[in-house]
Amino acid sequence: MSQPVGTLPSQVTGDLYAEVQTFYAQQMRRVDALDIEGFADTFTEDGEVVHAGGHRQRGRAEMIAGMRASLPRYQDIAVRHWFGHLIIEPDAADPDRLRVSYYTLVTQTDREGKVNFQPTFTVEDELVRRDGRLLTRSRVIHRDSPAAPPAA
Amino acid sequence: MSQPVGTLPSQVTGDLYAEVQTFYAQQMRRVDALDIEGFADTFTEDGEVVHAGGHRQRGRAEMIAGMRASLPRYQDIAVRHWFGHLIIEPDAADPDRLRVSYYTLVTQTDREGKVNFQPTFTVEDELVRRDGRLLTRSRVIHRDSPAAPPAA
Amino acid sequence: MSQPVGTLPSQVTGDLYAEVQTFYAQQMRRVDALDIEGFADTFTEDGEVVHAGGHRQRGRAEMIAGMRASLPRYQDIAVRHWFGHLIIEPDAADPDRLRVSYYTLVTQTDREGKVNFQPTFTVEDELVRRDGRLLTRSRVIHRDSPAAPPAA
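Residue numbers (full-length UniProt numbering), protein chains in the order written: chain Z, 1 to 152; chain P, 1 to 152; chain F, 1 to 152.
Some clues are possibly wrong.
One copy or any two copies: either way a pair holds, since identical chains are not told apart in the list.
20 Å max Cα-Cα, derived SDA-like pairs, lysine to any residue [as the list claims (entries may be wrong)]: (1) Lys114 <-> His51; (2) Lys114 <-> Pro72; (3) Lys114 <-> Ala33; (4) Lys114 <-> Gln75; (5) Lys114 <-> Arg97; (6) Lys114 <-> Ala52; (7) Lys114 <-> Ala69; (8) Lys114 <-> Arg73; (9) Lys114 <-> Ala147.
Everything labelled a hint here was simulated from the structure, so no lab data went into it.
One chain only, chain Z, in its complex shape (with noise of 0.2 Å):
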């Protein structure tokens, strides 16, 4: 199949297209399941998450510790992620970086099947691929707010 498609410096082939969206929802599958440890591997070993408060969590250790602290809130609820228009961005200087943002919804499902929504988010990422495989080295996540108008 040959199809026209446009000449973008930062266009995105579809095969990387696929694999960032299949590491994504390999990654969400696991915070989704609070397996925290499979979640953390799928970090570098001093990934770091800017999380919407401002709190900063450096290396896999700090943010295992921090979802183990966090776990009562989950014990009556099924957490999803749901991913939104992602902008892949793979780095012109270094073939194995790669820059991703995307929005977020989540919904917390409670035992009798009511959804819950957290506010919405914006999400920026900094992916590194290690041996093949893709990896999360920086996560900043932005809670959205009201845009400010523009200028008249």
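Since chain Z is already given, all that's left is putting chains P and F on it; use the hints.
The following block gives chains P and F in isolation, referenced to the frame of chain Z:
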């Protein structure tokens, strides 16, 4: 365009990823339009669905009868199935067979425009290719429940 | 990587699938940021939008004026457009023209973090490629309504 991609055994190509997503887009258009016959046609003749409650439907005829029986539920709502985080695993031994899992969120919008949500589900499908066309051979629907906390 | 894919006339390649998804990701980033001029720039100069109520906007200037008029509605909410189930149909006769349809779910998160939902919509777009870049030439937005039951 050429970009490095991983070499995991389960790696899915961009072409196949797009094809599977398109298959589901067409299948869900049909179920959401209450096109029962058209929906059943996206399954193999002996296709099977195991619903979240454990009820098993075998074959297109049984599927159609079951959907006809539940039609009264949908007379005043517009249903939409939303998918997330597809994981597509081609069968190493049989290139015309795929395992796919995904999250689903189901919205029900009433005539006033109010949106209600069903509990979230995770679905496991087996797809097969027949005469170049994907069909669902098996679907197992799991209602999402709180994850068991990891062992300390 | 090589995997068998279907040979349907409307088959979309992985590269084009990724390009179209990226186009929408960028277009929605702009509308959700209230970047009205930037959003209008993702349409052709004569681009047309038919809203769910039947109102038709023709051309970028009219689109910009309409969006400016509705800005007060958004001063205290963060809007996010979520897409689902894209069907991308390249034009057999004109490789620079695509028909795309998709589901949309629109979230509005207020300053306290409460998420409200607009009714769901299904959208039909015509995209064209100009100087290697996709643009929307036509958009028709349908509010989802209960499906007519099939004839018995």
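Going down the list of hints, with the structure as the test:
1. Lys114 <-> His51: between (26 Å within a copy, 19 Å between copies)
2. Lys114 <-> Pro72: Within one copy only: 19 Å inside, 23 Å across.
3. Lys114 <-> Ala33: Within one copy only: 19 Å inside a chain, 25 Å across chains, cut-off 20 Å.
4. Lys114 <-> Gln75: within (15 Å within a copy, 22 Å between copies)
5. Lys114 <-> Arg97: Cα proximity of Lys114 and Arg97: none, with 40 Å in one copy and 36 Å across.
6. Lys114 <-> Ala52: Cα proximity of Lys114 and Ala52: across copies only (16 Å, versus 25 Å in one copy).
7. Lys114 <-> Ala69: Close neither inside one copy (25 Å) nor across copies (25 Å); limit 20 Å.
8. Lys114 <-> Arg73: both (16 Å within a copy, 19 Å between copies)
9. Lys114 <-> Ala147: between (30 Å within a copy, 16 Å between copies)
Of the hints listed earlier, those the structure fails to meet are numbers 5, 7, in rising order.
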